[in-house]
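> Listed below, chain by chain, are the residues.
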Amino acid sequence: MNPKTHTHPTSSYDLPPLEGDVLQISDLYFSYPDGHPALDGINLTLKAGEKAALVGPNGAGKSTLMLHLNGILRGKGGLTVAGIPLNEKNLPLIRAAVGLVFQNPDDQLFSPTVFEDVAFGPLHMGLPEDEIRQRVDAALENVRMSAYRERLSHHLSVGEKKRIAIATVLAMNPRLLVLDEPSAGLDPRARRTLIHLLRDLNLTMLVSSHDLAMVRELFPRMIIVDEGRIVADGPTAELLENQPLLEAHGLEKP
Amino acid sequence: MHADAFDRYYHAESPLHRLDPRVKVVLTVAFILSNALLPDGAWAAFGLAWLLILAANHFSRLGLDFSFRRSFIALPFALAALSAIFMPGGKPLAEWTLGPIQLIPTEAGLLRFASIMLRSWLSVQAGILLIAVTQFPDMIHAFEHLRVPALLTTIVAFLYRYLFVLTDEVMRLMRAREARSAALPGLKSGGTVFWRARITGNMAGQLFLRSYERSDRIYNAMLARGYRGQLRTLRAHVLTRRDWLILGLALFLLLFLQLLARL
Amino acid sequence: MLFSPVPLHIPDGFLTLAISLIFWGLTVVAVGMAISKTNKTLGEKQVPLMGIMAAFIFAAQMLNFPVAGGTSGHFLGGALAAIVLGPWAAILVMTAVVGLQGLLFQDGGLLVMGANIFNMGVLTAMIGFGLYRSVLNANKITRLAVAGAGAWLSTMAAALLTSLQLWLSGTSSLQIVIPAMLGVHAIIGLGEAIITVAALAFILQARPDLLDSQAVAEKGGRGWIYAGVLISILAVLLSPFASANPDGLERIAEDVGFLERGLAAPYQILPDYTIPFLGETALSTVVAGIVGALVVLGMIVLLGSLLKKKEA
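Residue numbers (the numbering used here), protein chains in the order written: chain A, 1 to 254; chain B, 1 to 263; chain C, 1 to 312.
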């Protein structure tokens, strides 16, 4: 049932086989330590293979929600990823199941070479050397950056760094790929490359973006978030025709 | 992390807030100096010093317990001072045997320990109050007026300005590392301590280079605004008669304290 | 102890006035020299550079990595700063960091700040830079190894000097504080060494121009080598010699119980500010003498390097 197809044979080092939905969030509430409420009762389900986009104005809670998906933030309510319930004990497993790519690639690339950065995840997981090499090569191929294996991440452009950041997460064979503003700050060419890359990746995906043109192209399901709540959740094509809805939440039809 | 995570200033309309920052700095240092000069066991003087702190709290309009609530003592050093209790010399108070170890607390030792703790506790509160009633830029100006070299004060000003930016970056780096710190069932994860330390070193190196290159951009921005190596500050502080009066009064009180302790 | 859990920031009240003033004096001299030297070498770029670097050091001290059982390792950064920025700039940077920590967060006192700056800024610069400077033309492995050794030694030396300051102030018993401090910092120092080496390796790979031998040599003369090596040797010799229990160096922070080992020698605590003696052991005189010599010698060598540069 695992829809993910990478260009390497299925690894014997993996999470338990997936049954049911990839993501299940029920009644998630979260307030920051200073009292500022960020998530006000989120209910969300993602089936295996779905590609959905979170859209909404800044401060709506999109990033906050994403940080809950791999346990960096912990709110009140239920969260299950790939059948693994989120709790203190399961955090390391959750992090293997959810690949979170942050908005700023500089935050994610902290090793000298590209290879080492992509290898960090598998290394931490304790995988054997051959497996690690295989995964790194496969991940780099999936983001079309195999030639950059020995390059220094410090010297890459923003677009290149973003792709490497995605590779660092792909190398862990996650069940769910979560991306925060993937196309932000990219020039048209880099953006186009990113779109092709995401289109060809066969993974359950949840993306947050202001780039509604990209959303329309790649993500059949759109979830509008505003003030910590989900205000709409449906087919992208349909929602993009609903002018009043878009306007009410600071969105513009592309 | 919020942008004001490093802000220790608490605003209020109070005589202490209005006091010239130089006077505040001088008085804080004088108070700490006074504590250092008070002999061990001068309880009356310590008590009076504490009254001075309470008075300062009162005049800051921030609450009588303001500095008290924040006056935790750094534990490792409290432990270091603890050994003072058992230093020989003076009347022994008890004899405790813990296995092969013999502990003999002495009166002089106990006196010493208590005095150290008191001095520390009082001085920390003075520091807390100082920074609570003085805005940081004013603090910088105060030090410049007090003849601290401009280069140093400007570095501290820059440090303060970029504190949040860089610490936020560190938090995000660590968060990103956490996100990829995963484990699979049945496999031992985490690598060796050595490896983890090395990764941390990589992060430090990464951060260093980014900071270094950022400073180039800041320098260019400064050049674009006419910077030529000299830093000018705008706000001039003028010492009023009231400032002098308070300074004089407070110093007199501290002197009185010293005399009291030696009676 | 909010952001920098390396436990070296002495609070007010723990050092006597005499010790505080002595180290203020030394620090003022070192900082004064640093200001004049950086004016010459860095020029007007120095302000934004050193300001940002100070913020970097502060932020880097927040970096951690899990060690064992809930404890985590941290990083002081004095040695790294000295190697990449040069000793004089590093002294200013660490002064700013320690100053801010003391002033804003009460992490370290105000009257004792001179001692804190000297321990964490001047001493670390001397050892960190001094040792690295001596192997500038060696191969990469050697340079990194020496940098690591310098980082470890600078942590140990800072811990040693802090202990001596506490002891000379009558705050702590030498036979307790030395093994405790040195034991804890022997391990913390390892973290410091690894992080310093890894950071340096990273920088050498990405921006080798920053650590170009010529550039580094210009930042500090040979005098630093002598100062750094001398103090390292003293620290290494002094530590086991002064420790009542040389095997006590494997203690980890949580296990430190400060338990008395039964002081054999009589120990007088005097209410005025004279140096207490450890009785009939020769230890006391030697240690006191070396402390003074160490500090004075270091200053003489620094002055020597300053004079040498003037000649050249």
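By construction, these hints were calculated from the structure, which means they are not laboratory data.
In this text, all values refer to a predicted model and were calculated from it rather than measured experimentally.
Virtual Cβ for every residue (Gly too), placed ideally from N, Cα, C.
Don't take each hint at face value.
Some but not every residue of chain A turned toward chain B, in silico, with C-beta under 7 Å [stated by the list, open to error]:
| no. | residue |
| --- | --- |
| 1 | Y29 |
| 2 | Q103 |
| 3 | D107 |
Calculated Cβ distances over 10 Å to all of chain B for the following chain C residues [stated by the list, open to error]:
| no. | residue |
| --- | --- |
| 4 | D12 |
| 5 | T41 |
| 6 | K45 |
| 7 | N64 |
| 8 | L80 |
| 9 | N139 |
| 10 | T142 |
| 11 | V146 |
| 12 | A201 |
> It remains to establish, for every hint, whether it holds in the given structure.
Against the structure, the hints come out as follows:
Hint on Y29 (chain A) is violated. Least Cβ distance to chain B is approximately 20 Å, over the 7 Å limit. Interface restraint check for Q103 (chain A): the shortest CB-CB distance to chain B comes to about 10 Å, outside 7 Å, so the restraint is violated. For D107 (chain A), the shortest C-beta to C-beta distance to chain B is roughly 4 Å, which falls under 7 Å, so the interface hint holds. Here D12 (chain C) does not stay apart from chain B, with its beta-carbon only about 4 Å from theirs, under the 10 Å limit.
T41 (chain C), annotated as away from the interface, keeps every beta carbon of chain B farther than 10 Å; the closest lies near 13 Å. At roughly 5 Å from the closest C-beta of chain B, the C-beta of K45 (chain C) falls inside 10 Å, breaking its exclusion from the interface. Against chain B, the non-interface label of N64 (chain C) is violated: not every CB pair exceeds 10 Å, the least being about 7 Å. Against chain B, the non-interface label of L80 (chain C) is violated: not every CB pair exceeds 10 Å, the least being about 7 Å.
With a least CB separation of 19 Å from chain B, N139 (chain C) remains clear of the 10 Å interface cut-off, as annotated. Taking the minimum C-beta to C-beta distance to chain B, about 18 Å, the non-interface status of T142 (chain C) holds against the 10 Å cut. A cut-off of 10 Å between C-beta atoms confirms that V146 (chain C) is not in contact with chain B; the least separation is 16 Å. Not every CB of chain B lies more than 10 Å from the CB of A201 (chain C), the least distance being 7 Å, so the non-interface label is violated.
In summary, the numbered hints that this structure violates are 1, 2, 4, 6, 7, 8, 12.
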